[in-house]
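Protein chains: 2
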Amino acid sequence: MTLTKTEEDYLKALFHLSLENESDKAGTNQVAEYLGLSPASVNNMLKKLKGKDLVAYEKYGKLTLTESGKSVAVRLIRKHRLWETFLFKHMNFTWDEVHEVAEQLEHIQSSKLISELDKFLGHPKRDPHGAIIPNEQGEYSLEPHITLASLQVGDTCRLTSVRDSSVPFLQYVSRIGLALSSRIRVAEVQAFDGSMTIETEGNAYTVSKKFAEHVFVEKI
Amino acid sequence: MTLTKTEEDYLKALFHLSLENESDKAGTNQVAEYLGLSPASVNNMLKKLKGKDLVAYEKYGKLTLTESGKSVAVRLIRKHRLWETFLFKHMNFTWDEVHEVAEQLEHIQSSKLISELDKFLGHPKRDPHGAIIPNEQGEYSLEPHITLASLQVGDTCRLTSVRDSSVPFLQYVSRIGLALSSRIRVAEVQAFDGSMTIETEGNAYTVSKKFAEHVFVEKI
DNA sequence: TATTTATATTAGACAAAGCTAACTTTTTAT
DNA sequence: ATAAAAAGTTAGCTTTGTCTAATATAAATA
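Those protein sequences? They're chains A and B, same order as listed.
Mapping of the first sequence onto the working numbering: position 178 corresponds to residue 178, and the numbering continues sequentially without gaps.
Mapping of the second sequence onto the working numbering: position 26 corresponds to residue 26, and the numbering continues sequentially without gaps.
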């Protein structure tokens with residue numbers, strides 16, 4: 001079954017939202033917000049995807065991807081991340097530039113191209129944002145998602161990946177000298193709003209709680 | 001102005017047909033045939049493209065691309081041929097496999113990606129079918145299109161490029177041992193139907209006139 | 001529990017790009 | 001020069017994916 005670009009975008013949205021929500025479910029309005037569409041449009045498309053057995057839900061109920069829908073989504077994410085890696089490593093793109101073009105490239109249909117690209121890149125495990133790339137079978141490890149925001153004063157960590165691929169966020173991360181593998185020490189946390197002062201490479205920066213929640217780390 | 005994939009496909013079709021016809025013009029039915037659509041659909045789209053000043057024509061008259069339309073088409077052809085080159089040289093695609101995927105890749109919008117790809121490939125002059133790749137400014141040389149069919153008994157030539165990118169044609173070319181730069185000698189020509197017997201690498205094959213008209217050569 | 005708010009659905013309209021069938025204009029051939 | 005054929009156009013319908021406005025259900029709160 002061949003899906004349209006639009007159908008693929010819905011499945012990917014559902015996959016991402018399911019991961020963020022508890023219990024692998026998402027809501028119509030949430031999908032609409034995520035894709036920048038009206039709830040009516042989303043409802044309309046959901047009917048079609050349900051008919052194709054890619055999404056499961058009861059009227060007025062929460063949405064889940066079926067196994068088949070999940071598999072399509074994971075393959076898309078694999079393609080997206082492989083293309084991001086290609087753009088970053090071979091086309092001189094910066095990490096804030098790769099997402100937009102990969103959004104287009106992920107819809108190219110050619111299994112040969114993807115397996116060759118994977119080989120060409122040396123079967124990379126992570127994309128330029130540190131996100132894990134699912135393998136050819138669609139398997140991927142869900143690593144512990146510890147955010148910078150969960151650390152305490154005095155803790156030291158290493159930046160493993162970022163939650164957001166948006167240009168403003170990534171440029172901000174770079175601006176304060178952070179990148180994948182950066183070592184970070186938490187110097188201060190404000191009880192008032194959770195903002196924290198961090199040290200990296202000898203410099204100190206104060207960042208909001210929201211920011212810290214978008215940075216994944218491993219403690220060291 | 002951003003064009004849809006569909007609009008781009010029409011412009012590319014018009015460009016190719018204009019080159020094949022005398023006087024850089026094409027007809028509605030011809031475009032319909034080329035794209036596998038009904039003349040009515042084509043007429044419909046032509047109105048839109050005329051409104052955007054990409055195509056020029058009078059009612060019931062022949063079609064030409066405007067300078068602006070030509071420029072869009074050439075940029076698409078450049079992208080198509082660069083992607084074909086990439087697939088062939090780095091993704092282990094054969095020359096009969098590249099066209100289909102390049103048809104998709106040519107619609108990716110990113111000028112940075114194309115200029116980086118060009119650099120990555122070493123600014124190639126020709127694609128895997130021997131076709132000339134327009135440069136960044138959209139300039140390209142129209143080389144003399146001498147076909148194998150125009151040669152006489154005893155002439156010797158080298159295969160420079162092929163007119164057709166279809167899988168059956170390219171597989172046939174390969175099957176009889178021909179590739180870019182192959183040396184060919186014309187051993188015999190039938191006055192009856194123009195079919196010709198050619199020698200290459202010590203083997204002889206008889207091919208139709210139609211076939212010979214799809215093979216571009218330079219005399220040696 | 002009753003009411004308000006949030007979420008989800010339906011109905012009806014629209015634009016893009018396709019189609020068929022009918023019609024008009026141009027070209028070709030008798 | 002006229003009739004037949006080919007090419008181009010128009011009208012009206014279809015599908016896909018979007019929208020707004022109105023309505024129905026579920027969840028939250030008073």
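Heads up, some of the hints might be wrong.
Because identical chains cannot be distinguished in the list, a pair is counted as satisfied if it fits within a single copy or across any two copies.
[To be verified] Under the rule of at most 25 Å between Cα atoms (straight-line distance), these lysine-lysine pairs were calculated in the DSS-like manner:
id	residue 1	residue 2
1	5	48
2	219	119
3	59	209
4	210	52
5	48	125
6	12	219
7	209	89
8	52	219
9	52	209
10	89	119
11	219	25
12	209	5
13	119	48
14	48	89
15	112	5
16	125	209
17	52	125
18	210	112
19	112	70
Hints were generated in silico from the structure; no laboratory data involved.
Now the hints, each set against the structure:
1. 5 x 48: both (14 Å within a copy, 24 Å between copies)
2. 219 x 119: Answer is neither; intra-copy 32 Å and inter-copy 41 Å both fail.
3. 59 x 209: neither (37 Å within a copy, 64 Å between copies)
4. 210 x 52: Cα proximity of residue 210 and residue 52: none, with 38 Å in one copy and 45 Å across.
5. 48 x 125: neither (34 Å within a copy, 46 Å between copies)
6. 12 x 219: For residue 12 and residue 219, the Cα distance exceeds 25 Å both inside one copy (30 Å) and across copies (55 Å).
7. 209 x 89: neither (31 Å within a copy, 48 Å between copies)
8. 52 x 219: Close neither inside one copy (43 Å) nor across copies (57 Å); limit 25 Å.
9. 52 x 209: Intra 41 Å, inter 49 Å, cutoff 25 Å: neither.
10. 89 x 119: both (14 Å within a copy, 14 Å between copies)
11. 219 x 25: Answer is neither: 30 Å inside a copy and 68 Å across each miss the 25 Å cutoff.
12. 209 x 5: Classified as neither; 35 Å inside a copy, 42 Å across copies.
13. 119 x 48: neither (36 Å within a copy, 43 Å between copies)
14. 48 x 89: Neither way: residue 48 and residue 89 sit 38 Å apart in one copy and 40 Å across, limit 25 Å.
15. 112 x 5: both (19 Å within a copy, 23 Å between copies)
16. 125 x 209: neither (29 Å within a copy, 53 Å between copies)
17. 52 x 125: Neither way: residue 52 and residue 125 sit 32 Å apart in one copy and 46 Å across, limit 25 Å.
18. 210 x 112: Close neither inside one copy (41 Å) nor across copies (32 Å); limit 25 Å.
19. 112 x 70: within (21 Å within a copy, 33 Å between copies)
Checked against the numbered hints given earlier, this structure breaks hints 2, 3, 4, 5, 6, 7, 8, 9, 11, 12, 13, 14, 16, 17, 18; the rest are met.
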